[in-house]
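Undergrad: Sequence:
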Amino acid sequence: MNTLIRIISIFTLTAIFTSTVGAQISINTTGNAPDSSAIMDIYSLEKGVLLPRMTTVQQLSIKGPAVGLIVMNLDSLVFYYFDGTAWRSMSDPLKSIQGCGNVFEYGGKQYSTVQIGTQCWMKQNMNVGTRIDGINAQSNNGTIEKHCYNNVEDSCDVYGGLYQWNEMMQYSTIESSRGICPEGFHIPSSAEWNVLTNYLGGQDVAGGKMKHEGFRYWIEPNSGATNSSRFSGVGGGTYRPAGYNYFYLIRQAGIYWTSTTNGSNVWRRDSHYISAEFSPYSCEKYHSFSVRCVRD
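With my numbering, letter number 214 in the sequence shown gets 401, and the count goes up by one each step, no holes.
Keep in mind that the hints were calculated from the coordinates and are not lab data. Computed from a predicted structure; not experimentally measured. All C-beta atoms, glycine included, are put in the ideal place defined by N, C-alpha and C.
Computed Cβ-Cβ distance ranges for the label pairs, DEER-style: (1) Arg403 <-> Arg427: 21 to 31 Å; (2) Glu407 <-> Asp341: 15 to 25 Å; (3) Gly389 <-> Ile249: 33 to 43 Å; (4) Thr413 <-> Val382: 15 to 25 Å; (5) Asn323 <-> Met241: 36 to 46 Å; (6) Met277 <-> Asn323: 34 to 44 Å.
Kindly produce the complete structure, drawing on both the sequences and the hints.
TA: This is the structure in structure tokens:
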């Protein structure tokens, strides 16, 4: 009520006519009563209405947002509404902004996130886009394309899609680009992978702390696997094109792209079933590897 009184006072002082009829509010310069269907009726031919404007960090800091709450995100210049589970883009409801630890939907798939040190990582490999056969290169055609192990869609549902570097980056060469990630996330740089690796004790042991335990997603011995970080890494394998044209290393290796180039090559990170290591390697861009996203 105090807020309402302040609003009415402000508009009165600025010579804007405000009337209240049967618990309805009309704000205009004409003196017209509110439309019978509206709790608030605002009319102007010269001015608009300003909703709350905030950064992603500020938006995610709202405590207990109500269903239907609307804000303008200044980082993306997009309006978002809260649907009870996630902040959804009003221009594309498949896009959402999440607090760390929440479950959300992107591209028709469910994802969750985990806080590891100072970083918020997605807990699943990306699985967005249209599957094409491995023998076909992913291309800049306006559609996100993915390879699925052995050209089977179900493999993507379990292990995530396999993406060539340019497709993953959506044909940007800028480090830490959003690429195929949900809004509010981006492709991790080599330095960001290093932050994660160092937080988990260094490359000799970090892989074990990042791998799923047991033998569902990895073959034996799955050395050092504890998943103590809750990163939940899986052995998604890879596809090797350029005249080789075969899938390999399923349940043996989890290989993740970075957004950092190394000359004409790119840095990646590898975890393996026979080791607890999480190691950097440089390779050509044409390979198809797994993708994890980290929050901005």
